[in-house]
Amino acid sequence: MMDAPLLPLFILLTSLLASPVLFALPERAARLRTAINLGMAALKVMLVAWLSLKVAQGVIYDLRFEVLPGLEFKLQADPLAILFIALSAVLWLITTVYSVGYLEHGPHRARFFGFFSLCVAATVGIAMSGNLFTFLLFYELLTLATYPLVIHCGNAEALRAGRTYLIYTLAGGLVLLLGTLGLWVLAGTTDFVPGGVLTDAAAQNPLAAQLLFVVLIGALGVKAALFPLHAWLPIAMVAPAPVSALLHAVAVVKAGAFGIMRVVYEVFGIETAQALGMTAPLAALAGVTIIYGSLKAITQDDIKKRLAYSTVSQVSYITLGVALASPIAAVGALAHLIHQGLMKITMFMAAGNLAEGLGVKKVSQMDGVGRAMPGTMLAFSLAALGMIGLPPLAGFVSKWYLAQGGLEAGQGWVIALLLGSSLLNAVYFLPMLHRAWFRDGAADAGAPARPRIGWMLAAPPVTTAVLVLVAGGFANAPFSPLEWTRFIVDIEYLE
Amino acid sequence: MTLVPFLSAVGLPLVLAAALIWPQTRALVWRMMPFAPLPALALALLAEVPLNAQAGWLILGLTLGLDEVSRLFVIFTGLLWCAAGTTARHWMRHDPRATSFGVMFAMAQAGNLGLLLAQDALSFYAFFALMSFASYGLVLHSRDPQAQGAARLYIGFVVLGELALFAGLALAAAQAGSFLLADLRGAVPSDMAVALLILGFGVKLGVMPLHFWLPPAHGAAPVPASAVLSGAMIKAGLFGMMAVLPLGSLAYGDHGTMLMAAGMVTIFAALLLGVQQGNPKAVLGFSSVSQMGIVALGLGAGLLVPEAWALIMPVMVFLAAHHGLAKGALFLGTGAFAAQGGAPGRVAVTFALLVPAFVLAGLPASSGALGKEALKTALAAGSAVWLPWLVVVLTLSGVATTLLMARYVALIWRSPPKAPEQTTPEAILLPFLALGAASVSLPLTWPLLARSLAIPVSEAAPGALWPVLLGVVVGVGVAVHAHAQRIGPAVFLSHLTAPFRAVGARAEAVMAARRRSVRRLAYAIPKTLGETAERWRLGQTAIALLIAVILAVELGATLRADTAIPAVQQIDPDLLDDLKLIPEF
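Sequence lines, in order, name chains A and B. Residue numbering for the first sequence follows my numbering, beginning at 190 and increasing consecutively. Residue numbering for the second sequence follows my numbering, beginning at 104 and increasing consecutively.
Worth flagging that the hints you see were computed from the coordinates, not collected in a lab. Note that the coordinates shown come from a computational prediction; the quantities given were computed from them, not determined experimentally. The beta-carbon is built from N, C-alpha and C at its ideal position, and this holds for glycine as well. Where hints are given, some of them may not hold.
Claimed, not checked - Going by beta-carbon spacing under 8 Å, a handful of chain A positions derived as facing chain B:
#1 N394
#2 I487
#3 Q489
#4 P581
#5 E597
#6 G599
#7 F627
#8 L658
#9 V659
#10 G662
#11 F663
#12 A664
#13 N665
#14 A666
#15 F668
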């Protein structure tokens, strides 16, 4: 196989270059736009597959451009990056199909798909950033690219939500800039290195290092929706279904969680972070977020809002697994990055289908929807049961590893936390399933029969639901998300 | 050993569940439903144990297998699913929600068979969850308010049990450093892990105070579903404890004591609660709770004294099979009873129902009595402090069960469960009779099936008759009393004395008739005599005349003879003159 050192750059460019083209296309060139969208997305999946094969073989990709003396724009493709790119590439393809179906006759499609592409490019950039400076660039790009998507409908509610979103994320970005400068001052570099770059600095000046940790986690915690900083997420669910799906599964929330991973593992290093005494508070904060998000979710009647609070809760599993400072918990956390993405995107696309096909937007309207949209609801059910943590679905695997990791780290309370979270998950998801499958719809008398939604809406959630099943059922097979995370954790914990 | 037979055992029900989604294949799937457990049954009956098959890439490393114990569980569980599947096919024929029921039924079946075959904690948990969650649809099937309430209670307890189980298995696996059930059994789990596992499986077993879901759920589910819920699925709790807990190697005194105490309370409290029920299937549910109390007793004894477990274990398996078959037969029999149109059919089914009822109660030499006797023998090896109490409890449990069965038989007549409108009673009768026959013949077939595990049972004494007899007597007495209360004591007394009064009245009537006839005779005889006499008076005269004539003739003759005799010398001459005056001479 030929070697291509620029492969990471190509992957970045697939969506980055698609974006201006899509902006330039006239509104009515729907076919061409779809072709470009799908073609690029498919190309990216293939490139990512190639890249992962290479990385699995031990090839190291490292691209640097000096922007200022000592300040580099650096792209790298380590296994952790691959994990995130693979997730975003696969889900981008699926969501693109879904978006094309969803916005078939909607306005402003050129704008939408342009920013959509940009958003994915930013995500890929975040994944492959080799240092905090590059990370910051893409992080800000992501904020700016998602804003037009959130306010896509253009009504007052959307604009208000967009404003909240901007305030939160721009403030977070500003703090991240501060943190980057602080890191630059403390360590003299912003590179991501397994084992961390702050070992010496932390030993000399622990207080400054602790402060830096708080600043960085605080900045990233906005996007990761950590407890006091989560308020924008449930509001931002006014976005169109495919945007919500991508926002919750890959782009924004995961960018935050991924950033926390990078900071804990490769800026501070897990041992340094532990020595600074910062992991325990982070774990506690994650625990609070998990329970808080679930409790809030129970009270929501709007399906998408309930899902959004569920995201607040579930994404903190990742932070929790990172903060537990145990390799097994780290496997759980990384696997959950993928698993939660698959499950949540399924649920958001299913929720979008319910709204499109039946006009059902509230939990209380869900009576009998299982009969009306069996495929969609089957996908939704699989994802929901996975969230609760039933084997052999994906959510169980990450939960199991988090529990084992908690025990390994001697933190028995993690089990109680996971049980509480599972219980709350059951409390807010099972009634939805009960309504969908075991109640006869009130509207059944008129028999709206099965709404015709095109295959472009019907197939994506089913596909991701199958992936949920596969990721859990074949967790031990080579190239499963779990196997890949084990590969990563070996690197992070052996350095 | 390849995975194929195991996957087909678990997969066939799953494939059937999936195939029900398409309308074209539905009829075929329903026809196949009774045969869904056949691959598992064949595996259990034909294969040489122990068996093991691994698929490292499935879930987190799937290991399926079969050993002496799980083989027996698969056999009776498969039998129950066969019978229930046959019943379900006819029971659901015209049900508007038949498809939903079928999907849930098949999925629960896959879970139930799968958990018996699972050899690692994760796949065990997966199958356990599949079974538990799919059964929600079975409980909820009728959608009436009662079923809704039962289903809500059921799912709450299921979630509670699943959480406890997840935590328990996670702790145990972390301590054992392995997922394999065999390693979990061999490890030293913490007290917390054992407590959580007991909690998780105790919910399924229905041991008090975790039983609340069980009777309503078994009462609300349709007949074929409650048969497997009660017969097969609650045994998963027992199987789980036997598969995961370090029984026989480590002592957990506190847990054992708790479990035994809970078991003792369960046996009798279930009786007290059960007899108050108005739904015959809920009574059967409480009877299941009571029986699982016995199982909890054995498990607790095993946790308390590990040395005794080797003796207790085979008895536990036997008790599980015994209760599964008898209770399954009773539930299916309830359906068969309800499906019968007329009173003659119902009377016949009632008599047939008495057979598994008495087996369950422990009629001597039945599987119920043998199991209890064997358990008593096995417990003798355990804690000496508890033993006398255990023996008393086990003996009295026969009375309790008999009373529950009496209540059940009374209730199926008073408030029979609803049967589908159109059904074929014969088709529903058949699986019931088959299970009943299997239940009755269990003492004979068990040595063939269980081989060396059957020894404690086949050596057990036949058991005493008096508990059952006492139960019957008390039951009949209570029935009589209840009847008296219902219609009022005075009326009852009058009912009770009615036969005697009837006899008295009849006797009186006869006597009166006699008297009347005597009186009639008293009038009639003199009259007749008189008439006779009157009739006879002429004759009398005639006779008198005749007599007189004869006398006269005789006299004359005598006189003549006197003259003929030559004694004339003494006759004086005057007399001779007189003689000459009589002309005839």
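Against the structure, the hints come out as follows:
1. N394: Where the cut-off is 8 Å and the nearest Cβ of chain B is about 38 Å from N394(A), the hint is violated.
2. I487: violated (14 Å)
3. Q489: violated (20 Å)
4. P581: Since chain B brings a Cβ to about 5 Å from P581(A), closer than 8 Å, the hint holds.
5. E597: Interface hint status for E597(A): holds (7 Å vs cutoff 8 Å).
6. G599: Violated: closest Cβ of chain B sits about 11 Å from G599(A), beyond 8 Å.
7. F627: Interface hint status for F627(A): holds (5 Å vs cutoff 8 Å).
8. L658: Not OK, violated: L658(A) not within 8 Å of chain B, min 11 Å.
9. V659: violated (11 Å)
10. G662: holds (6 Å)
11. F663: holds (6 Å)
12. A664: holds (6 Å)
13. N665: holds (5 Å)
14. A666: Since chain B brings a Cβ to about 4 Å from A666(A), closer than 8 Å, the hint holds.
15. F668: violated (11 Å)
Checked against the numbered hints above, the structure breaks hints 1, 2, 3, 6, 8, 9, 15 and satisfies the rest.
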